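A.B. asks: Now for the letters of each chain:
2 protein chains.
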Amino acid sequence: MSSLLVVGSVAFDTIHNHLGSHDRVIGGSATYASLAASQLAPVRLVGVVGKDFPREAVDMLRGHGIDTTGLEVANGETFHWEGRYSDDLTSRETIKTDLNVFADFNPKIPTAFRDSEFVMLGNIAPQLQLHVLDQIDSPKLVIADTMNLWIDTALDPLKEVLKRVDILVINEEEARQLTGFHHPLAVAEALRTFGPDTVIVKRGEYGALLFLEEDIFCAPAYPLKAVSDPTGAGDSFAGGFLGYLAENGHTDLRQAVICGSATASFCVQDVGTGALQDLSRDHLEKRIHDFRELTCF
Amino acid sequence: MSSLLVVGSVAFDTIHNHLGSHDRVIGGSATYASLAASQLAPVRLVGVVGKDFPREAVDMLRGHGIDTTGLEVANGETFHWEGRYSDDLTSRETIKTDLNVFADFNPKIPTAFRDSEFVMLGNIAPQLQLHVLDQIDSPKLVIADTMNLWIDTALDPLKEVLKRVDILVINEEEARQLTGFHHPLAVAEALRTFGPDTVIVKRGEYGALLFLEEDIFCAPAYPLKAVSDPTGAGDSFAGGFLGYLAENGHTDLRQAVICGSATASFCVQDVGTGALQDLSRDHLEKRIHDFRELTCF
Chain L
1 MSSLLVVGSV AFDTIHNHLG SHDRVIGGSA TYASLAASQL APVRLVGVVG KDFPREAVDM
61 LRGHGIDTTG LEVANGETFH WEGRYSDDLT SRETIKTDLN VFADFNPKIP TAFRDSEFVM
121 LGNIAPQLQL HVLDQIDSPK LVIADTMNLW IDTALDPLKE VLKRVDILVI NEEEARQLTG
181 FHHPLAVAEA LRTFGPDTVI VKRGEYGALL FLEEDIFCAP AYPLKAVSDP TGAGDSFAGG
241 FLGYLAENGH TDLRQAVICG SATASFCVQD VGTGALQDLS RDHLEKRIHD FRELTCF
Chain D
1 MSSLLVVGSV AFDTIHNHLG SHDRVIGGSA TYASLAASQL APVRLVGVVG KDFPREAVDM
61 LRGHGIDTTG LEVANGETFH WEGRYSDDLT SRETIKTDLN VFADFNPKIP TAFRDSEFVM
121 LGNIAPQLQL HVLDQIDSPK LVIADTMNLW IDTALDPLKE VLKRVDILVI NEEEARQLTG
181 FHHPLAVAEA LRTFGPDTVI VKRGEYGALL FLEEDIFCAP AYPLKAVSDP TGAGDSFAGG
241 FLGYLAENGH TDLRQAVICG SATASFCVQD VGTGALQDLS RDHLEKRIHD FRELTCF
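Line by line, the protein sequences give chains L and D.
Residue 1 in my numbering sits at position 1 of the first sequence; the count goes up by one each step and never skips.
Residue 276 in my numbering sits at position 276 of the second sequence; the count goes up by one each step and never skips.
For reference, chain L alone in the conformation it holds in the complex (with noise of 0.2 Å):
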């Protein structure tokens, strides 16, 4: 088993829902991802929060065997999101983005975590995720992703980061919107010209597309009767994909894809980071084992 870089953010969270109002729960890209990639590997996690961060909180992350010498706590308040979900969950507006301490974040890889061998690049500047793989000695894998403000404010580092990354895993609108392309496989070619040799394209509730060469493989979501929360769906199938692959060796890229739908859908069963939190690896067995029924003709 290997160990598992995350860097990104660390946030509050405060989410408006068909559920109601959820009031600064704990988030942020490398807190799903960390605690999704927890079930299979272990974790070190990289990022900023402010001083006003919970000390449960992080008691929290190493209970679950999330190594966080990386968490620096800088003077200011801690990363605050706040958003409203359309009642049907598929779109959100952002009603205030407080970058606070995250704005001037650079993130510094303790050198006990430099021989990592996995590295997920969370949702942070372009600019910064070179700076961190300019940190790490030799890693086997990297994973990226990306979010659709890079793609507006800063698309030649992202560019850039890019050719530096193994697996691209994108959102397929801002998979559609980098490219110019609408189809699949047009989007999946495209993205590979940028340099990732495989990329994964998350499709929300319709599951994941994974391209690595000729391959194609297509991963349903798991079909929910109800959904409570989106946030952070796309970390946690990103961590629980590289969790897979940190735990088995980079071996099969399409069971680390169920593994990584198979995280996400519990992440959405609850508000915030809840169901991760709760999640036992036999209850992640027993659903990956689900996919399988869900998908064999």
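It should be emphasised that the hints constitute simulated quantities derived from the structure, not laboratory data.
Everything numeric in this text was worked out from a predicted model, so none of it was measured.
Some clues are possibly wrong.
Unchecked claim - Calculated lysine-lysine pairs in the BS3-like style (CA-CA distance at most 30 Å, straight line):
id, chain 1, residue 1, chain 2, residue 2
1, D, K225, L, K159
2, L, K225, D, K51
3, D, K96, D, K159
4, L, K286, L, K225
5, D, K225, L, K163
6, L, K225, D, K108
7, L, K140, L, K159
8, D, K140, D, K163
9, D, K140, D, K51
10, L, K108, L, K96
11, D, K159, D, K225
12, D, K108, D, K140
What the hints assert, rightly or not - One-sided and incomplete, this derived list gives chain L residues near chain D with beta-carbon spacing under 7 Å:
id, residue
13, L185
14, I216
15, P220
Ideal Cβ placement from N, Cα and C applies to all residues, glycine included.
Dock chain D against chain L, hints included.
C.D. replies: For chain D alone, coordinates are given in the frame of chain L:
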């Protein structure tokens, strides 16, 4: 192998899309479904056309083993739909719907067709679908394809039809409209209360979901680099699906869904029915194999 009856529209479609304008190509729900099913089982077609419907088109259908005894030629012009697709083909606007002879369509099932075991009710008014069912001796399996028009304008007769339908094939958007739910499990549960014990939710470029009691099957759409024309894809799915069941005796619904998905994936690769006309059994088998490659893990 059992006989398969398809009742629905036979039409001219004038299609404007990213490839140009395509004037009065042969279309209609029954045409697409019949051609799709004809790969697998003998098809009996019931519909109406005008005096302007070309003899060559009827010969083409017959050339595919489709019995056109039930294709009435009425005084007047053939149903003509004209529409324009968005460049990404995900939406379309209707420019013109000239019902013509279809306005007075009153499906008469030829005596020789009354023993049909597998029945597909294509997109015609629910009142006419009921009239069709009254003329069939003892169908083994009835499937219906709905369209949002009937949800808006003929909800009560539609509910009567659903009581007599074994398998409902429905677009995801329509299914959400009809039930008021968003998430697939809730949608399927609500749809089954109307009558059908099996529900198939078509999700366009995202594939299809099959719900049969507690069993759920998720089929992908075949990833294509480019799509020429999505017109008739849903009808081709239903035709390929029911064709499989008629050929194999209502055994494996999952295989039937994949057969429908594979058939639809060919349909969209050409404008109108071009690709269905050229489809061979070998090509279909090869694509069904590709679906296995696409989903196994």
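A.B. asks: Hints first: check each against the structure and report whether it holds.
C.D. replies: Each hint tested on the structure:
Taking the CA atoms of D:K225 and L:K159, the gap is about 23 Å. The hint holds against a cut of 30 Å. A distance of roughly 50 Å separates the Cα atoms of L:K225 and D:K51; the hinted pair therefore is violated under the 30 Å criterion. For a cut-off of 30 Å, the pair hint linking D:K96 to D:K159 stands: about 28 Å separates their Cα positions. Of the supplied pair hints, the one linking L:K286 and L:K225 holds, its CA atoms being roughly 18 Å apart against a limit of 30 Å.
For the hint linking D:K225 to L:K163, the alpha-carbon distance of about 24 Å falls within 30 Å, and the restraint holds. Distance restraint check for L:K225 and D:K108: the Cα-Cα separation of roughly 42 Å exceeds the 30 Å cut-off, and the hinted pair is therefore not satisfied. For a cut-off of 30 Å, the pair hint linking L:K140 to L:K159 stands: about 20 Å separates their Cα positions. Proximity of D:K140 to D:K163 is assessed by CA-CA distance (about 15 Å); at most 30 Å being required, the pair is judged to hold.
For the given pair, D:K140 sits about 34 Å from D:K51 by alpha-carbon distance, which is inconsistent with the 30 Å threshold. Taking the CA atoms of L:K108 and L:K96, the gap is about 27 Å. The hint holds against a cut of 30 Å. For the hint linking D:K159 to D:K225, the alpha-carbon distance of about 39 Å lies beyond 30 Å, and the restraint is violated. A hinted pair counts as satisfied when its Cα atoms are at most 30 Å apart, and D:K108 with D:K140 qualifies at roughly 20 Å.
With a least beta-carbon distance of about 4 Å to chain D, the hint placing L:L185 at the interface is held under the 7 Å criterion. A cut of 7 Å between beta carbons decides the hint on L:I216: the least distance to chain D is about 6 Å, and the hint holds. Hint status for L:P220: holds, given a least beta-carbon distance of 4 Å to chain D, under 7 Å.
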